[in-house]
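Undergrad: Using the hints provided, position chain C relative to the given structure of chain D.
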Amino acid sequence: MTAVPVIELADVTKIYPLASGDVVALDHLSIRIDKGEFVAIMGPSGSGKSTLLNQIGGLDVPTSGILRITGKNIRQMSDEELTNLRLNAIGYIFQKFNLIPLLSAYENVEYPFILKHRCNDDTGRVSQLLAGVGINRRMAEHKPAELSGGQQQRVAIARALVNDPDILLCDEPTGNLDTKTGAQIMEMLTALHNQGRTVIIVTHDPSVGAQAERIIRIKDGKVEEP
Amino acid sequence: MKKDIILQLSLRSIRLNFLRSLLAAIGIVIGVVAISSMGMMGANMTMSVTEELSAMANVLVVKPDSGGGGGGMMGGPGGSSSSSDDDYISKEQFEDIERVAGKYGMVYPLYQESRTIEVGDNEGRATIYGMRDEDMATVLTVEEGALPKTSSSVVVGPSFAERHELTIGSRITIGDEDNNETVQKVRVVGILEEKGMSMDINTDNAIVMPEKSYVGMFGGEGKYTQVNVILNDISDADTATETIEDKLNRKEDEVAVQDSSRMMESITSTVSTMTTFVMAIAGISLLVAATSIFNVMMMSVTERIREIGILRSIGTQKGEVLRMFIYEAVILGLVGAVIGAIMSLILGWLVVLAMVGTTEYFFTYQSLIYVPVSMAIGIAICIFSGVYPAWRAANLDPIEALRAD
Chain D
1 MTAVPVIELA DVTKIYPLAS GDVVALDHLS IRIDKGEFVA IMGPSGSGKS
51 TLLNQIGGLD VPTSGILRIT GKNIRQMSDE ELTNLRLNAI GYIFQKFNLI
101 PLLSAYENVE YPFILKHRCN DDTGRVSQLL AGVGINRRMA EHKPAELSGG
151 QQQRVAIARA LVNDPDILLC DEPTGNLDTK TGAQIMEMLT ALHNQGRTVI
201 IVTHDPSVGA QAERIIRIKD GKVEEP
Chain C
1 MKKDIILQLS LRSIRLNFLR SLLAAIGIVI GVVAISSMGM MGANMTMSVT
51 EELSAMANVL VVKPDSGGGG GGMMGGPGGS SSSSDDDYIS KEQFEDIERV
101 AGKYGMVYPL YQESRTIEVG DNEGRATIYG MRDEDMATVL TVEEGALPKT
151 SSSVVVGPSF AERHELTIGS RITIGDEDNN ETVQKVRVVG ILEEKGMSMD
201 INTDNAIVMP EKSYVGMFGG EGKYTQVNVI LNDISDADTA TETIEDKLNR
251 KEDEVAVQDS SRMMESITST VSTMTTFVMA IAGISLLVAA TSIFNVMMMS
301 VTERIREIGI LRSIGTQKGE VLRMFIYEAV ILGLVGAVIG AIMSLILGWL
351 VVLAMVGTTE YFFTYQSLIY VPVSMAIGIA ICIFSGVYPA WRAANLDPIE
401 ALRAD
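The listed protein sequences derive, respectively, from chains D and C.
With this note's numbering, letter number 225 in the first sequence gets 225, and the count goes up by one each step, no holes.
With this note's numbering, letter number 394 in the second sequence gets 394, and the count goes up by one each step, no holes.
For reference, chain D alone in the conformation it holds in the complex (with noise of 0.2 Å):
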């Protein structure tokens, strides 16, 4: 365990101002997560945990307190800087797979890698991860829409590790999923996190929690302590 946690959230408030009031989604949340560590944040619909992911995703800022990830505080990030975050420090792993329709799952894997260092894989890397999520060399020139849910779900894991980010950060992985698919999706990230990654899964399925290390429960934006 190093002294600097990968996300550190201290006093975060996050409010959406609306015309019939704002809601406050996030309330003064104080959350710890170190390098290695596998979470769950679990909590019914509504409770705010897409919210938290969200701000945990650099996809948004907190209306106040401090949230830092890998030690940096996102708070005073410009859009490029929280960009470039996303692209380097969080791999994203979504209920809907989210790969870009227009491009292979090869390229899909490759897309980030291209952004980072602005030339194309001559490393292998894409190739050697595809394989280590089950994608062979055929199915990988394949586009998306061309593949069972639990291909995408691989590829895209493949994706979110290109760039070696710090946390893997996994919203619902299995809830487009068959049971057996889903449970081989989280055999592999149990096994990613057994490689010393920081896994961090938002979800409501308690089997899936289960598997977690440790249970962060979120209902009405604070933290439910046990």
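What the hints contain is simulated information worked out from the structure, not anything from laboratory work.
Calculated pairs, BS3-like style, for lysine-lysine (alpha carbon to alpha carbon, straight line, at most 27 Å):
#1 D:Lys-96 x C:Lys-318
#2 D:Lys-143 x C:Lys-318
#3 C:Lys-91 x C:Lys-212
#4 C:Lys-223 x C:Lys-251
#5 C:Lys-247 x C:Lys-91
#6 D:Lys-222 x D:Lys-72
#7 C:Lys-103 x C:Lys-223
#8 C:Lys-195 x C:Lys-185
#9 C:Lys-318 x D:Lys-72
#10 D:Lys-116 x D:Lys-143
#11 D:Lys-116 x C:Lys-318
TA: Using the frame of chain D, we list chain C on its own:
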């Protein structure tokens, strides 16, 4: 190796929506073709008119001042209205002109009449010029035959000869007894070279005879219809005009000097005004194209909101998203402009052939420049139409965009 993944995305998006993109590009094609072919037509017309006119642009025509007239109007073939009995340039006036303007070029007097003529059984009307022998040798170029030596011989213009099927040796009867005109038979001894439209003397459609024959037939010796000054240097036109007017119009306006270079300027400027106007109308088609490109781009952005969300969430910069859509607009513009350029070369050639009658100026810089210019306008219009949709795409909230279906 390096490939621009952003460009790849733009290309694939266009390929995915091929028909829609093609239709949008067709708008640009039409715009580019319309602008460039109109521009080329104008340029060719200007060049063709200039070429035709510049042959005579170095001529000053001095005519008796009929009061009020004296603008730059052309006396068309067969026009003889200016030769009433009192309206003439006298021998003294001619000598005055020759004295003051002689240093600027060649000065020669000209008689002109219009008469009924008969060739065989065909009747018609013709312009008849009378010229001094020495002037004939300088001013006229004979294509076939020779200049008239005797009193009953004439030369005719090529159009006139063709129309009346005249050859060397053909006979023409000039004058009509019914109108109490002197009737005289003359023989064609020469056919002139084609000269084109001109302000001083239009020989293509006329009969030219020596002064002696002319005076013998119509009288009025020393009463010239007009005096022409062929300038050595066209830039002397204004000075020479002033000199002649100073000399002859001191007391009252005796003569009117028509400067054909000024007329040429006004004609070319009229042609270019017309061209600009027609091109502006053609430009409206580009406006329509701009709307269609804008529409396609907005559709593309709206359809791809979720994709934009994905791209942004995994680390694509705003600028890169912007670039992606601008590329799309540029590609549409480029495709449209290139197809448009090829088509405008074909269509422009046909338009020029139909409207100007000759394509000899088609492959000149002044004419072909309209192709790249209209291409540039087309591409610029595309980029312009793509800016707002691209800006909108780049500035979408990634969270909102990801939520879209």
